[in-house]
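*Asks:* Each chain, letter by letter, is given below.
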Amino acid sequence: MGFTMPLVELHGVNKSYHSAGKTLRVLKDIELTIEEGEFVAIVGYSGSGKTTLMSLLAGLIRADSGTLALRGQPITAPGRDRGVVFQNYSLLPWLTVLENVRLAVDQVYPDWAKQKREEQSRFWIQKVNLTDAMDKRPAQLSGGMRQRVSVARALAMDPDLLLLDEPLGALDALTRAVLQDEFGRICQEAKKTVLLITNDVDEGILLADRIIPLSAGPAATLGPSIAVDIQRPRDRKGLNRDSNFARIRAEVFSYLRGSRPKRPLAPRHEALTEPLGLEAALEA
Amino acid sequence: MRYRLISQMLLPLVGILAVIALWALVSSTLVPTLPSPLKTWQVSRLYLVQPWEKRGELDQGILRFTWYSLLRVAKGYTLALAVGIPIGLMLGLSKRFTQAFDPIIQILRPVSPLAWLPLGLVLFQKPEPAGTFTIAMCSMWPTVMNTALGVRSVPQDYINVAKVLQLSPSRTMLKILIPAALPYMFTGFRLSLGIAWLVIVAAEMLTGAPGVGGFLWQEYNALIYEHIILCIIAIGLVGFALDRLMGLVERRFKAA
Chain A
4 MGFTMPLVEL HGVNKSYHSA GKTLRVLKDI ELTIEEGEFV AIVGYSGSGK
54 TTLMSLLAGL IRADSGTLAL RGQPITAPGR DRGVVFQNYS LLPWLTVLEN
104 VRLAVDQVYP DWAKQKREEQ SRFWIQKVNL TDAMDKRPAQ LSGGMRQRVS
154 VARALAMDPD LLLLDEPLGA LDALTRAVLQ DEFGRICQEA KKTVLLITND
204 VDEGILLADR IIPLSAGPAA TLGPSIAVDI QRPRDRKGLN RDSNFARIRA
254 EVFSYLRGSR PKRPLAPRHE ALTEPLGLEA ALEA
Chain B
394 MRYRLISQML LPLVGILAVI ALWALVSSTL VPTLPSPLKT WQVSRLYLVQ
444 PWEKRGELDQ GILRFTWYSL LRVAKGYTLA LAVGIPIGLM LGLSKRFTQA
494 FDPIIQILRP VSPLAWLPLG LVLFQKPEPA GTFTIAMCSM WPTVMNTALG
544 VRSVPQDYIN VAKVLQLSPS RTMLKILIPA ALPYMFTGFR LSLGIAWLVI
594 VAAEMLTGAP GVGGFLWQEY NALIYEHIIL CIIAIGLVGF ALDRLMGLVE
644 RRFKAA
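Just so you know, the sequences run in chain order A and B. For the first sequence, my numbering begins at 4 and goes up steadily by one. For the second sequence, my numbering begins at 394 and goes up steadily by one.
Worth flagging that the hints you see were computed from the coordinates, not collected in a lab. In this text, all values refer to a predicted model and were calculated from it rather than measured experimentally. Check before you lean on any hint, since a few could be wrong.
When the alpha-carbon atoms are kept at most 25 angstroms apart in a straight line, the in silico SDA-like pairs for lysine to any residue are as follows [as the list claims (entries may be wrong)]: (1) B/Lys556 with A/Tyr112; (2) A/Lys31 with A/Thr70; (3) A/Lys195 with A/Pro81; (4) A/Lys31 with A/Pro9; (5) B/Lys556 with A/Leu98; (6) A/Lys139 with B/Met566; (7) B/Lys556 with A/Pro96.
Chain A on its own, in the form it takes in the complex (with noise of 0.2 angstroms):
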């Protein structure tokens, strides 16, 4: 053919919801193209319809238009080419951490050996550093060891691309800062295709090899997709005095605001990233 094809296609993607009579259009003309092996990451503010385009991509909801592939092949119901993180935890807290891998395991390779199974799930376990807590339930866990299950649970099944919904979104400051090295660390060992969705541009900038604004919604849509030209590993302190870095943000964040409605003055609490969990960082 000459040329290979892109893992992933999106093309003018559109949804809405309708609730009570009235319509509410969350998605807008969806372009996207992601390549083999790369790491994309989406940044929106929170409400803009992130989760909507997850969850297309995850194949549990349908778009009214356009077309969405992976590998050539429409996307239409979920599939195990696909490994999930949601952001909400989404354990099941009567398994223990062994369990929770080990139904993925079971579930994506059936004709496996049974031993063969439980060294594949704790495998990963152990690539998330998790070995201490295996036969723990989530409920012993804190919030960043529940996301690193979940991260296992989806990399076990070996997917063609790992679709992480705003994995960090609920964890405080420090944790989340642990875990994005942690994260940037496996999924460049595992090398996967990935696409992270994010309110948190800094997470995008340190994680990602190009980075795609989400216009604000309603009828939000991508906006142009800037490549993360910074060398790997990226350091999370010398980041800040690189001059990639600085500029990638500006450029992301002057595309995020102008996409805002007109407004004279902005609310605070519609502010790009979460504030500072500290004292939830201090309990922990």
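For this one, chain A is given, so just place chain B on it according to the hints.
*Replies:* Chain B only, in chain A's frame:
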């Protein structure tokens, strides 16, 4: 420590003594036919100190009678769960099923055991299955309602997990829906057991089966009113114990 002793041991004792005092007062003044506490104890002593004794079909120790009743309840209750859980799951899962069957369930739910028992006798021609039928018909509703509620309350997050992992319907049921609904279901099981025990007395009274309820009715006819009170106390204590037991099991499941 001292406060706990007072609140958990002493105050309940005060309550019990107050009721006994009221009982003694009423029996000695207003209603002379009501046996006094002392008389009740004297007449019931034999049944309490030899609780397993079998002197005749309808003259047995109170524990033996209670045991017969418990066995009968166990049968009806098992049937109630076996029928109630699947109905509850269907109600929780299917909107169509709910639309079709919820109205008839709401109509059958408030029907008294005294109404079901004769129908059971007509259906089965024998008192034992009629009793089991009555207990099941009356006690399954809390299990049905709470199972349905439990399934409807399963968080969307867990259902998304099932979808993303592409679990089959049966695995979704076993691995996600039932475990998530289990705390609700246990609340239903506990309420159902309470009703099953309530119904047993009525069922035994009407069928004359040997048991704590049958004994109560027989002793009323034999004018031995002391034994009525003995039976009431036994029924109350067993019901209380059953509820506490289920409460413990329920809490274990909620903690897990």
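*Asks:* Look at each hint and say if it fits the structure.
*Replies:* The hints, checked one at a time:
1. B/Lys556 with A/Tyr112: Answer holds: B/Lys556 to A/Tyr112 is near 17 angstroms, not above 25 angstroms.
2. A/Lys31 with A/Thr70: 13 angstroms, holds
3. A/Lys195 with A/Pro81: 18 angstroms, holds
4. A/Lys31 with A/Pro9: Measuring from Cα to Cα gives roughly 22 angstroms; hence the hint holds.
5. B/Lys556 with A/Leu98: Between B/Lys556 and A/Leu98 the Cα gap is close to 18 angstroms, so the pair holds against 25 angstroms.
6. A/Lys139 with B/Met566: Distance ~23 angstroms between A/Lys139 and B/Met566 Cα, so the pair holds.
7. B/Lys556 with A/Pro96: 17 angstroms, holds
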